Amino acid sequence: MTAQEGATITQAAQGLETVSITRPGFLASVARDKKAIVGIVILTILVLAAILAPLLAPYDPNNMDFEMIESPSAKHLLGTDDLGRDLLSRLIYGAQVSLFVGVSTVGISLVIGLFLGIAAGYYGGFIDTVIMRYIDLQWAFPNFIIAVYLVAVFGTGLSNVIIAITLAFIDDFARIARGMVLTIKEEQYIDAARTVGVSDFRIMWRHILPNAAAPIIVQATVSISYAILAEAGLSFLGLGVEASTPTWGLILAESRSFISRAWWLGLFPGLAIMLTVLSINFLGDALRDHLDVRETTEI
Amino acid sequence: MALLEVKGLGLEFSSPGGTVQAVNKISYDVEPGEIVAVVGESGSGKTAAALSILGLVPQPPGKIVAGEISFDGQNLLDLSEDEMRRIRGRRIAMVFQEPMTSLNPLLTIGRQLTEAMRLHLGLGKAAANDRAVELMNMVGISDPQRRLGQYPHHFSGGMRQRVMIAMVLSCEPELIIADEPTTALDVTIQAQILSLMQDLTEKLGVAMVIITHNLGVVARYADRVNVMYAGRIVEHGTAVELYRNPAHPYTIGLLNSVPRLDRPRGSPLEPIPGNPPDLTALGRGCAFMPRCRFATPACGEATPDLQDVGGSHVAACWELEKIRSGKAA
Numbered sequence: 001m002t003a004q005e006g007a008t009i010t011q012a013a014q015g016l017e018t019v020s021i022t023r024p025g026f027l028a029s030v031a032r033d034k035k036a037i038v039g040i041v042i043l044t045i046l047v048l049a050a051i052l053a054p055l056l057a058p059y060d061p062n063n064m065d066f067e068m069i070e071s072p073s074a075k076h077l078l079g080t081d082d083l084g085r086d087l088l089s090r091l092i093y094g095a096q097v098s099l100f101v102g103v104s105t106v107g108i109s110l111v112i113g114l115f116l117g118i119a120a121g122y123y124g125g126f127i128d129t130v131i132m133r134y135i136d137l138q139w140a141f142p143n144f145i146i147a148v149y150l151v152a153v154f155g156t157g158l159s160n161v162i163i164a165i166t167l168a169f170i171d172d173f174a175r176i177a178r179g180m181v182l183t184i185k186e187e188q189y190i191d192a193a194r195t196v197g198v199s200d201f202r203i204m205w206r207h208i209l210p211n212a213a214a215p216i217i218v219q220a221t222v223s224i225s226y227a228i229l230a231e232a233g234l235s236f237l238g239l240g241v242e243a244s245t246p247t248w249g250l251i252l253a254e255s256r257s258f259i260s261r262a263w264w265l266g267l268f269p270g271l272a273i274m275l276t277v278l279s280i281n282f283l284g285d286a287l288r289d290h291l292d293v294r295e296t297t298e299i
Numbered sequence: 001m002a003l004l005e006v007k008g009l010g011l012e013f014s015s016p017g018g019t020v021q022a023v024n025k026i027s028y029d030v031e032p033g034e035i036v037a038v039v040g041e042s043g044s045g046k047t048a049a050a051l052s053i054l055g056l057v058p059q060p061p062g063k064i065v066a067g068e069i070s071f072d073g074q075n076l077l078d079l080s081e082d083e084m085r086r087i088r089g090r091r092i093a094m095v096f097q098e099p100m101t102s103l104n105p106l107l108t109i110g111r112q113l114t115e116a117m118r119l120h121l122g123l124g125k126a127a128a129n130d131r132a133v134e135l136m137n138m139v140g141i142s143d144p145q146r147r148l149g150q151y152p153h154h155f156s157g158g159m160r161q162r163v164m165i166a167m168v169l170s171c172e173p174e175l176i177i178a179d180e181p182t183t184a185l186d187v188t189i190q191a192q193i194l195s196l197m198q199d200l201t202e203k204l205g206v207a208m209v210i211i212t213h214n215l216g217v218v219a220r221y222a223d224r225v226n227v228m229y230a231g232r233i234v235e236h237g238t239a240v241e242l243y244r245n246p247a248h249p250y251t252i253g254l255l256n257s258v259p260r261l262d263r264p265r266g267s268p269l270e271p272i273p274g275n276p277p278d279l280t281a282l283g284r285g286c287a288f289m290p291r292c293r294f295a296t297p298a299c300g301e302a303t304p305d306l307q308d309v310g311g312s313h314v315a316a317c318w319e320l321e322k323i324r325s326g327k328a329a
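Same order as they appear, the protein sequences are chains A and B.
Just so we're aligned, residue 1 is where the first sequence starts under this note's numbering, counting upward by one.
Just so we're aligned, residue 1 is where the second sequence starts under this note's numbering, counting upward by one.
All the pointers check out, no bait thrown in.
Straight line, CA to CA, 30 Å or less: simulated BS3-like cross-link-like pairs of lysine-lysine:
| # | chain 1 | residue 1 | chain 2 | residue 2 |
| --- | --- | --- | --- | --- |
| 1 | B | Lys63 | A | Lys185 |
| 2 | B | Lys125 | B | Lys203 |
| 3 | B | Lys125 | A | Lys185 |
| 4 | B | Lys63 | B | Lys7 |
In case anyone wonders, no lab produced these hints; they're calculated from the structure.
Computed from a predicted model, the values in this text were never measured in an experiment.
Next comes chain B alone, as it looks inside the complex (with noise of 0.2 Å):
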């Protein structure tokens, strides 16, 4: 049985402007151990899907109108905020985009990391500082005795998504939501943080959901893809299938938008042109009809369902056929 479970969740947004239906009847799951990338630009939900996992979208003004969420068989939006306190963290655990701000300025790192040790596992201090030095090694920060006793100040940021990191793994979660961790760090440090992130899940056999718009990213660690655009999913596959044989116009944009090695050199990129749509005034047609080259006016007459591609590879396109044979030929 799959780990989680998001099935049809739908999440608005009411704002002066109008309601915002940021995440729109997504489903997608996590097998045990396996790392699943929600990949999509920003505005377009896949950080308030990933938020509404651990019930911390802020109710009002988000909603969650419909669906469940699925943990180890248990509907995480039946909990109550209490019994979800006891999950947060401990089985469920999230890495945050910015480690520049996400420790507390006035707080010792070893008293952020120790935290969720003793609320969780009971440990006492000196357990709790033991297994604080231990994750720090693990996380590859050295003298971790003394680390521990410094501030947030001390540490740059690549230390501090180590820390992050430390941090998450201490209660030994089953799922990890990373949202964009490598984002605000510098390009050396970012390969290394996903390293240390892939091997560390992989030796504790954690699942983890990479939320980001890095495609290299995704291409590198993620088992399984979801490409979110405009609150829905419109394509799902494996990483390889998704890179071998994109479906969707918009997988196809974004691939055709960055810089690829096994293309010849000097060959242009393509942007998708125009901008994403207001989440507000959603048509009753595709999406991205607008920016797409594919779109016919049957496109603007009603959305799509996930339709498969083949393998366990699905797209939300009424023109699949057309473009599968406007590729080969």
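Chain A on its own, in the form it takes in the complex (with noise of 0.2 Å):
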């Protein structure tokens, strides 16, 4: 898509045909900033490769071999583990289980964090308290200890993994979300909304939550990354996904035995993990950029 077609795109949603002032599509304002072009190439070669893992990866992931530790080569790219696995096979798949959890994860508790802060915010008095008692509740255990009572309640399995680091995450978004809202709502604009005749959900959702959007969308992708790490940590202490499975933080945990014989155990994993993060964050910033209307229109 072009820059021309993202704003009459723009355009058209607002219902308004003859703006000579333009306000770019947010694919037309990620044209233009170059991180956030690297941001996109990296994360759909990522994508690709997890959807694609069967046809790209040139071995299974989990089939052994003779060839135990062995730096990168002609034959194995990336290397091999201590069990002779192929390193960059089991880092395609990988992708699959650590971009399904970074991505699941903040999604999911981005929704109820946000539904939890905007309500106790905007409400406040009774709802407030008794939302963030229960978030307060939640600060006061280590995620781990839930995590374990969790596995040790459902068992261990990816789903388990992703609704303790969902659970984990949910406080610190509606921490932000509340504060965030607590600020806005005293805005003349929310009144003037109010007196116009809006319902309260559409002011919450029209109004209040675009102007907090930034601190949101930061938290949302620094938590990306930690989500990835914290798979990693469950697994490694046998809370999370089996041993077998190649997740990126898993292959990353067990590299911690070799690191003074095998660098490329260590190395490959931690930037697959810092890409990943790297580019979210790129896209991130565009998407904050874009939103605040002051940078992104010109007269």
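Put the two chains together into one complex; each comes in its own frame, and the hints tell you how they fit.
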């Protein structure tokens, strides 16, 4: 899509046909932002790798071999681990779990956290007390304890890892959202919207949330990297996915025994996580800038 | 029948320092198409009284303890939140003091201007947009189609207030409440905005309550005036009656403390001594007594009721006779 098309679509969405001031669409403003382009390219590669893993991976990720702890070579582009498994194949398959955990935990906790935080901040009083005391309660327990508890009750598995990490993130989003709502709801344009007869839901959704977006987006992008690492931590403790499942975090955690002999085992999964986080941060920055109308509109 | 009748309205706020009697048994009415001013200094309860008409006083800490607000024969205090929402913007609209902050910075002017119309009148996008263009023309904003796509930060204060006026007029309400609509504007813009509001309300037959502390505004634009002090209405009358013949010592003090063209140049302004009273600790006497130069010990005994001064003119003071004869002398 070109910049022009992006702008046209935005205008059409606003029902304003002949507007000479242009507010570029998100894709159009991304196209002008080099960092955002880098982010999109990296993320696209990673997502494609995850989806096309069976086609791309040169070996079965769990196929063991006697070529153990071999440094990168033409046969094994990124080397092999202590069981002779091909690291590149494991990283490609690992992208599936890691990206899924990162995006799903942040996605779910973002929705729930925003809902709780906005409701608490907007209505105040009793609703605020109930929600925020729950959040405090959750803060009082280390997240790993909650994870251990969940796993003890429901057994190990990816879904429980996702639930545990999601729970841990909800309070971050709820707190940030509540704080922002408390500030924004005192603004006169909220009163003005109310005098026009706008409903509570619409005020929260259309008038408050967009004004609270910047810090929430930043928190969300940072949280995705935490989620990928948290999955590694839980799996390493035996509370997450099975040890044979390739995930970036798990590969990284296992590499620590061989750190002096096999640099590639630590470097490449670490790079994969770093690139993911970096690209998501770039995208988050672009989104934040795009939402700031002062930066994106021109007369 | 009056369009709006506020009868014995009492509003309290509970605060850690005690209960604040923000509005104390005030009554006034507004006829269709009329401009009524509510005058008073900061903290006199004028804004709180106006917000309670729209049901926008946060409760708690606020609490309406007495009275009724009847709009077109209906007591607004009995209505549910849903019913109030249908009245707000549609039949009663409000203009705020601060145009710089009363528009959402992230939404286009067009979207904010059409929101009420789409909500209340059920207009489609195109129809609402057409009407928005018409309204922008009406309030004197040039190139409306282009301006509708812009954001609030592209507009100056006066322009934003014009947008706010277009917004309140969009659903053709019967009553507009304007809370110090020009206080935050440059002096040069104030008169423009007020004349615009006067013209448009006259043309469309909309009644208006102007809340202000600017007596110049009152003199020029209001038909009738209510003077508020410490949560009570202390004097009420037509603008002419009030200016020609102020009866309450507070009103007299207010008029003496602003420069006027009809007094000799160089004559000193007389400020009202003291400060407004603490609303958490009002005694049983007249609230203005500590600052009043006509006060007698009897003033501290009981709060005076509004008494006829002639015509529709009423004032709440124990010493009305003395003041009138004193002025005559």
